[in-house]
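Asker: Sequence:
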Amino acid sequence: MQFIYENFTFPPDQSFTIRSEFLETKKYQTFKSHVNFEIALIENCTGKRFIGDHIEEFEGTELVLMASYLPHCWQYYQTPDPLIPPHAIVVHFFPDFLGQELFLKPEAKHLAQLFANASKGILFSGETLVRAKIILQEMLYEKGLTRSALMLQLLDVMARSTSARILSSPGFNIIESSSEANKINNVFEHIFKNFREAISLEEVAAIIPMSSAAFCRFFKSKTGRTLTDFIKEVRIGHAAKLLLERTHNVSEACYNSGYNNISNFNKHFKEIKGVSPKEFVKRYQAA
Numbered sequence: 001m002q003f004i005y006e007n008f009t010f011p012p013d014q015s016f017t018i019r020s021e022f023l024e025t026k027k028y029q030t031f032k033s034h035v036n037f038e039i040a041l042i043e044n045c046t047g048k049r050f051i052g053d054h055i056e057e058f059e060g061t062e063l064v065l066m067a068s069y070l071p072h073c074w075q076y077y078q079t080p081d082p083l084i085p086p087h088a089i090v091v092h093f094f095p096d097f098l099g100q101e102l103f104l105k106p107e108a109k110h111l112a113q114l115f116a117n118a119s120k121g122i123l124f125s126g127e128t129l130v131r132a133k134i135i136l137q138e139m140l141y142e143k144g145l146t147r148s149a150l151m152l153q154l155l156d157v158m159a160r161s162t163s164a165r166i167l168s169s170p171g172f173n174i175i176e177s178s179s180e181a182n183k184i185n186n187v188f189e190h191i192f193k194n195f196r197e198a199i200s201l202e203e204v205a206a207i208i209p210m211s212s213a214a215f216c217r218f219f220k221s222k223t224g225r226t227l228t229d230f231i232k233e234v235r236i237g238h239a240a241k242l243l244l245e246r247t248h249n250v251s252e253a254c255y256n257s258g259y260n261n262i263s264n265f266n267k268h269f270k271e272i273k274g275v276s277p278k279e280f281v282k283r284y285q286a287a
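Read left to right, the sequence shown gives residues 1 to 287 (the numbering used here).
None of these hints come from the bench; they were simulated from the model.
If a hint is listed, it holds; no wrong ones were tucked in.
Keeping only pairs whose Cα atoms sit at most 30 Å apart, straight-line, the calculated DSS-like set for lysine-lysine is:
hint: 1; residue 1: Lys220; residue 2: Lys267
hint: 2; residue 1: Lys183; residue 2: Lys105
hint: 3; residue 1: Lys193; residue 2: Lys241
hint: 4; residue 1: Lys32; residue 2: Lys267
hint: 5; residue 1: Lys105; residue 2: Lys143
hint: 6; residue 1: Lys273; residue 2: Lys241
hint: 7; residue 1: Lys273; residue 2: Lys48
hint: 8; residue 1: Lys32; residue 2: Lys133
hint: 9; residue 1: Lys273; residue 2: Lys193
hint: 10; residue 1: Lys270; residue 2: Lys32
hint: 11; residue 1: Lys48; residue 2: Lys32
hint: 12; residue 1: Lys270; residue 2: Lys48
hint: 13; residue 1: Lys32; residue 2: Lys183
hint: 14; residue 1: Lys133; residue 2: Lys105
hint: 15; residue 1: Lys143; residue 2: Lys133
hint: 16; residue 1: Lys133; residue 2: Lys109
hint: 17; residue 1: Lys109; residue 2: Lys183
hint: 18; residue 1: Lys241; residue 2: Lys282
hint: 19; residue 1: Lys32; residue 2: Lys143
hint: 20; residue 1: Lys241; residue 2: Lys267
hint: 21; residue 1: Lys32; residue 2: Lys273
hint: 22; residue 1: Lys193; residue 2: Lys270
hint: 23; residue 1: Lys282; residue 2: Lys270
hint: 24; residue 1: Lys267; residue 2: Lys278
hint: 25; residue 1: Lys282; residue 2: Lys48
hint: 26; residue 1: Lys193; residue 2: Lys220
hint: 27; residue 1: Lys241; residue 2: Lys220
hint: 28; residue 1: Lys220; residue 2: Lys105
hint: 29; residue 1: Lys32; residue 2: Lys220
Predicted, not measured: the structure shown is a model, and the values here were computed from it.
Let's have the full structure, built from the sequences with the hints guiding it.
Answerer: Below you can see the structure in the form of structure tokens.
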């Protein structure tokens with residue numbers, strides 16, 4: 001599959017966007033990724049869902065929440081009801097669309113876990129799906145504060161859901177939601193630009209700025225992983241992208257992802273993906 005990075009801009013009078021669109025029944029071959037969070041309601045479709053390294057058949061109506069940079073793709077094969085065209089409602093937003101102060105409110109504490117889990121993709125079903133669909137349909141026809149209030153209601157329904165299911169493995173997406181988004185994003189940007197080179201703890205800590213020890217505690221608390229593990233996941237994620245695009249063989253993907261040792265690359269790849277690079281490619285080709 002190919003990977004495409006999408007860049008969305010919000011109108012000056014909107015802090016998030018929502019759109020309704022009809023879908024084509026065909027096998028899309030492109031993973032999409034973007035900095036925005038996304039809520040996708042897919043209706044009257046049968047096909048296959050790709051979220052990170054998650055692959056699964058689906059049918060009918062489904063609702064998915066995805067965080068920043070999580071690669072995703074749906075392949076639509078047919079419509080269960082031929083009299084109704086396949087359809088989607090899509091929302092793009094940032095967790096702080098109403099300001100960082102939102103996360104300081106006691107009523108919003110449950111949203112932090114929702115956004116953290118969204119880094120791996122969340123599938124909702126049952127009563128959550130029914131209620132979310134109603135809210136999304138209302139949002140299409142509302143504007144201003146009314147639409148924003150409905151958005152908060154939608155996120156609250158998702159956060160309190162008892163039918164949510166995590167989709168992708170923890171290592172596939174290299175972005176986690178955080179209330180310290182600006183600091184973390186500056187660190188991420190530096191790593192994304194330089195992961196092919198040697199990166200020291202001291203240079204990354206200086207970006208915040210913090211002492212090395214304080215940065216290690218901060219980074220682990222906000223991302224759930226060490227800096228070393230994060231850089232490893234970025235490099236392996238990039239290598240997986242190159243392999244799936246079929247533009248590089250295993251050796252080329254290794255040296256284009258910051259590794260200078262094929263044995264170490266294979267070890268880290270299997271550690272994160274659970275399979276060797278060659279098996280990883282075979283699995284996606286079979287899917």
